[in-house]
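J.: As a plain string of letters, each chain reads:
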Amino acid sequence: MEHQPKNQISRKGLRVWRLYGMIQTAILAVLMIGAGVLTYFFDWPQWLYAVYAAIIIVYGALFIYLFPKIRWERWRYEVREQEIELQHGLFIVKRTLVPMVRVQHVDTEQGPILRKYDLAEISISTAATTHTIPALITAEADELRARISVLARVAEDDV
Amino acid sequence: MSETYYKLHPVSALINFVKGLKELIVPFLVVFGVNLFRDGGISAMFNQGWQGLIPVLIGSVVLVFVLIAGIIKWKRFVYWFEDGELRIEYGLFVKKKRYIPFDRIQSLNYTEGIFHRPLGLVKVKVETAGSGKVGQAEAELTAISREDADRIERKMEEAKRGVQREMAVESDLAAVEEPVVEEKKPTKTLYRMTMKELLVLATTSGGIGVVLSAAAVFLSQFSELIPYDAIYEEVMLFLRFGYLIVALTIFVALLIAWVISVILAIFANYQFTIQTDEDHIYLTRGLLEKKKVSVPFKRVQGIKISQNPLRELFGYATVTVESAGGSIGDKDEKIRLFPLAKKSTMLPVLQELFPDMDWEPAMAKAPKRSIHFYYRLDFLWMVPFVAAIGYYFYPYGLFALLIVPVIVLLGIWQHKTAGYALANRQLTMQFRGIGKHTFFMLKRRVQAIDVTQSYFQRRKGLASIQSTIKSGMMGATARIEHMEKDDASRILAWYEPSGQRAAHTEKSQPELFSG
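For the record, the sequence lines run as chains A and B. According to this note's numbering, the residues represented by the first sequence are 13 to 171, in order. According to this note's numbering, the residues represented by the second sequence are 7 to 521, in order.
With the rest of the complex left out, here is chain B (with noise of 0.2 Å):
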């Protein structure tokens, strides 16, 4: 039986040289911006004769290594079907194989990046229940066309279709049916982001922090190579101008921070899509790059709504899907079904994606009681440091007394937020840390209930319930703290396959358990 062998398109190759690029980036900037620096810039390199260029002969020896580099990936790079299996060769000095049984692929997620649009191709990763390695997937193909894409798609569900027959013989069902070759359902959209939303996604978003961030580690990366003694007298010059100069161009850095923000964010997002068919969510997104990200139905454990007080404030709310399996590190891993959504808006397309659920029940809320222990504890701790900043800094240090109040508020807002709802199936809970979440999940994927009490917790009859189910390569936890004891029972009970809590407490309190 001889078997078709795919290449890659030509293009991986050029993929592959600036992906090595990428990785070359940092060192080159140091080579070079460290002689640009020591020896009177770039021209020095040119004045020094042959010496002097060195670096740049070495620099232009790199890229061409990885350019070959590039090139023979992509010559060497084979994948093919044979026996259910997708099979995988390659390698640049190592010859690998990798063999992927149809029926283990768990998803095959599209990218688009900017070398794929124009050529109607795209990168292809394939994963599996158990990706092993941390954000790496089973398998890649840096660039294929559309059709190479649908075709890998075509063999997976034959090979799938050809598994279920098989079972099918075995289990000696009398009618052993022609294999029906039916096409699979046309895929639905169910929601498509408006300009609207994607704004304010951008513009609330916390993306800001990430720009920040990176900037400061831009710097201080850079920091040896920074000639600090020239920038110093022109500080002191500039402080001279006061404060007033400081605080605007920290307030101009931020704002173009933030702009920057913005500008990724609306890129990342651009023309977000749900899609579904009968057993996976498609979700598509971006301008430059674009994703598309597979869920099967049945990997999802359970489902997120979350609001930072902004968007709360407006009814705007994020919602994630917590997965299982996938590839751990990966930043794709806590998969967003709705960047950012009025719940008006994502109720009903929730309402169809999972039927079985209920998006709207009512609360059991958190005992009037308990409602010191949501800022008692953080109370405790904050006394002394308070104290200390406005001993050492007094007068202005009793500005941290300001913090008593926020502390208060924030506890109270906890409070008021905490709450649960069990259903038949399906354990609702909702929880404020700052933003508000709320977790929906159904009894068969909860892995384990925890239910954890402090002395003063007892003392008041008060107890925090906790459940956990799998996401990525780990757990999720959902947790309400200070509940009433006989919430931690009740849920208990929900939870206990065997039933014999729930007799028990049937007993006790029989008008609980009226449904």
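Okay, chain A solo, but in the shape it has when bound (with noise of 0.2 Å):
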């Protein structure tokens, strides 16, 4: 675990992220006022309303704030001539070593929130696995893929 993987992943991509806890915060909230709008007219105890209040604020916190954070800066990657590493992980950290020879295609993606923002993924399959790597601005992401499928016909098998 000496060193890191060099490459980060795009700094907008800690913005949409950002994005993915407001929304899941706002859902949260909207329930979190239904069981307000419940507690007020079952004569529920009073402190419930500090309870929800606590919950969205809490939540809000951890998904909006620290844990994109942390997993910004987590979020690792190398391309190597012949192999990748990724490393990423919130608790658990995790780190992925795929040889160029194993790769069978790669793929990028990009949904509607990531293109507003001139970010799409890239997943690298094997014939077993399936790795993403989730917020590269477009451009990088596809000369990325590029780079992968002409090193990935290039390796060799040394066994």
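Do not take every clue at face value.
[Unchecked claim] Facing chain A, from chain B, some residues (calculated, C-beta under 7 Å):
1) H286
2) Q453
3) I455
4) D456
5) G481
6) L498
7) Y501
[Claimed, not checked] Partial pick of chain B residues on the chain A-facing surface, computed with a CB cut under 8 Å:
8) A165
9) R375
10) I377
11) A454
12) S460
13) I475
[Said to hold, decoys possible] Here are the simulated DSSO-like cross-link-like pairs (lysine-lysine), alpha carbons at most 27 Å apart as the crow flies:
14) B:K25 x B:K103
15) B:K296 x A:K18
16) A:K106 x B:K103
17) B:K25 x B:K102
18) A:K106 x B:K102
Think of the hints as simulated: they come from the structure by calculation, not from any bench. Using N, Cα and C, we set each Cβ at its ideal position, and we do this for glycine too.
Put the complex together from the two separate chains, hints included.
T.: Now the structure itself:
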């Protein structure tokens, strides 16, 4: 675990994750407000309001601020001539090593939110696994996809 | 060029018919069953005149229809060989054609059912690398004679050789050899299951679960038809005889389920044989239905040796071959190389089948300080659970505490089992859920390696390592938990094609790479 993979994903990825966090928090807030209305009509204890508010605030703080930040800082990738190395994870850090020879195909994909931020995610598939790098600038992702597919074709089986 | 068209054996019509019946058996049972319970049994059906006979009439019409469909399916099915392809034409209403190039055929699997055996026939499943649909082989010849099956195999060999010859010509090799029509090396029998092994297998197999769940499913299917009110009173009467009888009944039911599972296991694995020629392993088994599976060596991705605790005690183990491709959803997707054998019997055979693998490598074990990682987490979510049971069902609920030592002991056992071995080209991983599994993988078959570290593992310098190989249409994963961080680095370094990390690690820890 001494040296980390070199490249980080786009800074804009962090913004997108924050946005996802906000959407989730908004949905949660709607649910909590619903619970609040029920509390009002059925005369449930007053302190429940505080609980609802606390849930929204804690969830928001974690999923809008803290988790995206840790995830973004943790996310590293490196595409070398003969292998791809990935590192990601929130509580559990996962490092993955995929030899170029094993790569079968590479896809890039772009949802509406990612497109707005000019980002794309890139998926690398082997015969048995798929690995995704979540947020790269579109041009960069396309370039990387082309590079991986060239390298994968060139790479020779050593054993 | 006129090709010879071949048909299936007429008995296929019968087999199609029986297969159709099998699919209809549940609806039939429901229709007739309902009538039986509803208006006073079967006799009522006949007393009501022609109206009572409607279900019977419909039933017979359906039967006749299924029979005719079976015959037409057989009539319509032809196959022939053309342009290095196996071509099949079939279909009940819509005529379908399927052309399979011989060089894409991975294996021909033979099955002999009870209809096949007296007539010397086989059912042939043709499997290709990318058999798409779930649980479906690329093509299935319901019943053909042995000679016909051999002819397909011969044509396939010829076609494959033909392709090789063409390639040789294209690549301009100086000496274009005469097509060497060498006979394939005869198959060699490596292992035949003994009666003792068969009995041990049958009696210790987990098949009992299957039978029980089948019974449960069966009961739930018909629960609406069972007159519970009538049964209820009898049950109350029955209960007065006390728990003893209830317990006894359950025991007898379990015993019967177990006996059935033993018999099924014996039927399925009777005369299990391993044969091999240069490029395939052939596995044959079965009493009533004889199955033959062929596995090409080049599709073997890894070997797994598994032992449940009971079998481990007596030194028995099961060996599975993880093989690429094949049809998913098929029960034979995980191919059992040894249903059950002593380690001492299987090792020589494995050695002969896969000579370049090391079957008894020295394992590096998990470090001592990681031992509590194996039960700590289970412990945490167990505590509220045990507390709740203890509280609500006091005092008997306190017996739930007994689960704690069990969890701890299992954790210690898992820690003791976990280990790995690295050789030049081979990675071996050993781990335990409840049963013990040992995975043997070649480096060039490993698709990816993951190393994970939780916050707590990082503090203690530990890491979990996971290796994925291809198996069936998907992947199979071997995972060892809570190993030394350096072990993880070593495995990554071994796996990395560019060897960057190896160079790096070697400088810092030269003594680890003295081989």
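J.: Take the hints in turn and mark each one as holding or not.
T.: Now for the hints, and whether the structure bears them out:
no., hint, in the structure
1, H286, "violated (21 Å)"
2, Q453, "holds (4 Å)"
3, I455, "holds (5 Å)"
4, D456, "holds (5 Å)"
5, G481, "holds (3 Å)"
6, L498, "holds (6 Å)"
7, Y501, "holds (6 Å)"
8, A165, "violated (26 Å)"
9, R375, "violated (17 Å)"
10, I377, "violated (20 Å)"
11, A454, "holds (5 Å)"
12, S460, "holds (5 Å)"
13, I475, "holds (6 Å)"
14, B:K25 x B:K103, "holds (22 Å)"
15, B:K296 x A:K18, "violated (57 Å)"
16, A:K106 x B:K103, "violated (48 Å)"
17, B:K25 x B:K102, "holds (20 Å)"
18, A:K106 x B:K102, "violated (49 Å)"
In summary, the structure is inconsistent with hints 1, 8, 9, 10, 15, 16 and 18 from the numbered list given earlier, while agreeing with the others.
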